[in-house]
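*Asks:* In case you want the letters, here they are:
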Amino acid sequence: MARVEFINANLAIAEGVMAAGLRFFAGYPITPTSDLFEYLAVELPKRGGVVIQFEDEIASINAVIGASWGGAPAMTATSGPGFSLMLEGLSFAIMTETPLLLAYIMRADPSTGVPTKSTQADVFQARYGAHGNYEIPALVPWSAQEAYELGAKALWVAERLRVPTILLSDATLAHTFERVEFVPVRRAERKKPRVPPEEYRPYEPEDDLVPPMASFGEGYNVMVESLTHDERGYYAPTNEAHRRLIWRLVEKVRRNWRLIHDTKTYYMDDAEVAIYAYGSTARAAYAAVKELRREGLKVGLVRPTALWPFIDEDLKRAVGGARRVFVVENNIGLMYKEVARALRDKEVVSAPLIDLELPTPDQIIEVVKEWRR
Amino acid sequence: MRKEVLIFGRGGQGILLMGHVIGVAAAKHAGLYVTSTESYSSEMRGGESRSDLIIADSEEELDYVKVRNATDVIAMYPPRLGLYEHLIGEGALVQFDTSFNIPKDTLRPSWVKVGAPYTRIAEEELGTPRVANMVALGHFVRLTNFLGLEAVEAAIEEVVKKRWIEINKKALRRGYDLGGVEESLLR
Amino acid sequence: MEAVRRLRKHPLDGLLRPERLPHLWCPGCGLGIALGAILRAVKRRIEEGYLQREKTAFIGGIGCSARASLYVDFDSAHTVHGRAIPFATGLKAVRPDMKVIVIGGDGDIAGIGGNHLMHAARRNIDLLVIMMNNMVYAMTGGQLAPTTPTGLYTTTTPYGNPERPINVVKLVATMGANYVARAAVTHPPLIERYVYKALGKKGFAFIEVISTCPEVFGRHIGMRDAVDLLNALRERVVVKQRPHIDESYYEWEGGKFVLGEYVDKDDPSYLERIGVIKG
Ligand SMILES: Cc1ncc(C[n+]2csc(CCOP(=O)(O)OP(=O)(O)O)c2C)c(N)n1
Ligand code: SF4
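Order-wise, the sequence lines are chains X, D and U.
For the first sequence, position 113 matches number 113 in our numbering, and the numbering has no gaps at all.
Just add 373 to the spot in the second sequence (first one is 1) and you have our numbering.
Just add 560 to the spot in the third sequence (first one is 1) and you have our numbering.
Isolated chain X (complex conformation) (with noise of 0.2 Å):
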């Protein structure tokens, strides 16, 4: 059996990223992130990998993109202050698709707000945060295990796509412990070019519209454009070049979404009620789901293992016949948008539960009673 630890999540995707290949780490220290910048700091570099403290998240970000380039997975970890910052590069990272993997620790709020416990209040900044049109995948795990797992996948996702990544978890799954089996992961991977120097074109998409990418020092001459650019790398600024590479930086993240998501569903075979929950919440609704059923209601469980893209499909066969849909979650109510958007031909109804604590089971299934009245 794979090796089993008890650790928390912010450790499980130290271990899950270093088992995908993570090579090179660079972070700004910020609760409730810095165990795992400090786990990675004595374990990465005993495989070979770097890991580097730097003066600001801005600087970060960019040593992770440029490490990216000299041909390392490679990835950040930071939280609400420390994202917002890395904002610009973020963006910098999706125009010249540069594979990196941010993993967000979300904690409580604006501004400095509660550093150690957590709302989920940034899954809209970790979508539309940075600037531009884009897609960008979020993987949102509920434990330490998928934070390991998720981990791993997002570094993958990031390789394949060629697409920064972030793997959205919390400060609540930060502080919880949990049994962590190291089971194997897929390596991180990237395309690498298949013709000679010459003919490589560092933006030139093959049919999945992901170009292979050719890293520093092999002898390509690539070149990394943050301007708008033509397949070349070349400043182009037309609007048949712009909309063509906006457009297909957009499509590949959703057009491939099946490698990424993975919606899980609970007892929703039957299942009347549907309570869509992610992250830490998902653990309370799971609680809650689990005692309605023992009352004889038929509620089931919808689980998201990534927010983005957000796929009307993929939420749409989860569902399935369930007619009304609870939008539980430890923020003002903003995935709701988006389900409802989804599943117009559905009730649904948004439980925003803020809690720095995670919302209870018993106030959730008070909400879903408070319903059936």
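Hint data in this document are derived by calculation from the structure and do not stem from the laboratory.
One or more hints might be untrue.
Claimed, not checked - Now the stretches of chain X that chain D is said to cover, found in silico as 3 or more residues with beta-carbon under 8 Å: (1) 170-176; (2) 277-284; (3) 302-308; (4) 353-366.
For each residue, glycine too, the CB sits at the ideal point set by N, CA and C.
Given chain X, work out where chains D and U with the ligands should sit, using these hints.
*Replies:* Just chains D and U with the ligands, lined up with the frame of chain X:
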């Protein structure tokens, strides 16, 4: 099997270490699934300190990360029982450190109330109150009977600083020898 | 344009991306002089077998100066404003076999990117950073730069700059860089010599190249003519063998730009210290 274990006490009593040792023992040495959270107030000594563990033999039985209906409780500082009473289920096994006062009014009839003066034993027999937590933990292993003593010893060896391992294991065995439920009932 | 087309063969042809030319720099701009000198030094290092073409990278941020990395035919990156040094640091950390060269403007390197510059020097990370100091934010139209001398007019200091310019040479020296030099476009052979030397250094190497921007810097101080501006700079330049660091401060009115090698030492570099390269 599904257990909800709640351990509470004051800062400085080693509550979080108890939770961590149980977690490591269950996850790594007893083949069980565990979820654990901890909370403590910022003043390290004397403040609230609490460890929650959900332990089950299948992953599906784990859901919410905190204790809602404790099946097993270790009250290392019983005077604060009132703060946690609502989290304790009917029929729970509640284990008290009887070195402290027990608030009689808070006790529920359905609970199985057991205990011993862990702090006093640690002080008088082992020379330091700091290992009271391990005496209690040893007793817990015996009383609840779902974690082997060897599993917990292995966890101590992994988690505790080298020079404290022997005394902690000694305390653990001392607690284990306090006996099972019958011998430990509080009357 | 016509001149470029007629020029079939140029000594630096192999090192530039001809399909990206003509470049965007204005006629009379000092940046071309500097890039030419830089590439001559790189070329010598390549010909001597010290550098390998495919193991050399140029990284730039945003600005007129930073554009240099677009025109050279190497692995190159046009990153975002101010962030070339972190990008280069990440690259170098995972590709210690590569020579990583950063070219950027004074705003890019010492303004918005100043914090990164300071820490990269302190870290003594193995990079060569070349800062083109035209004393203005040129690309955006002539606003104040942190390097603008006191009293000079820019579009955002229409009454004269009330601030003192940052002395980047001294800052980088203070932070412990292994190599710190100042050159100017008035003396291209000096640029070439310092770059050549710096390419052989471990640790953090920094070269400030005082450049001329007739288009926006010159215009606002009444020196729109490229030759006038170049001459005005030449009058203010002094070359010294081994200047003292306290000579590095400059002013425009009645001041001097002291060129020379301010620091040249061999402290352990960052990559040596973390064991990624052998000392
Ligand atoms: C975050 C950000 N802020 C502002 C800008 C606009 N901007 C582009 S270049 C530049 C200044 C360039 O000055 P410098 O680096 O000195 O280079 P120069 O053009 O003078 O060579 C500015 C402010 C930007 N691109 N990004
Ligand atoms: S604006 Fe100034 S620095 Fe920029 S290209 Fe023109 S002359 Fe050169």
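*Asks:* Taking 8 Å as the Cβ threshold, is the statement that the region 353-366 of chain X is covered by chain D upheld or broken by the three-residue rule?
*Replies:* holds (count 5)
*Asks:* Mind checking, does the region 277-284 of chain X have 3 or more residues with a CB under 8 Å from chain D?
*Replies:* That given contact holds, which follows from 3 residues of the region 277-284 of chain X lying within Cβ reach (below 8 Å) of chain D.
*Asks:* Is the listed coverage of the region 302-308 of chain X by chain D valid when you require three or more residues with a beta carbon under 8 Å from a beta carbon of that chain?
*Replies:* violated (count 0)
*Asks:* Residue count check for the region 170-176 of chain X against chain D: does it reach three with CB-CB under 8 Å?
*Replies:* It holds: at least three residues are needed, and the region 170-176 of chain X offers 3 whose Cβ sits within less than 8 Å of chain D.
Figure legend: structure checked against the earlier numbered hints; the only hint not met is number 3.
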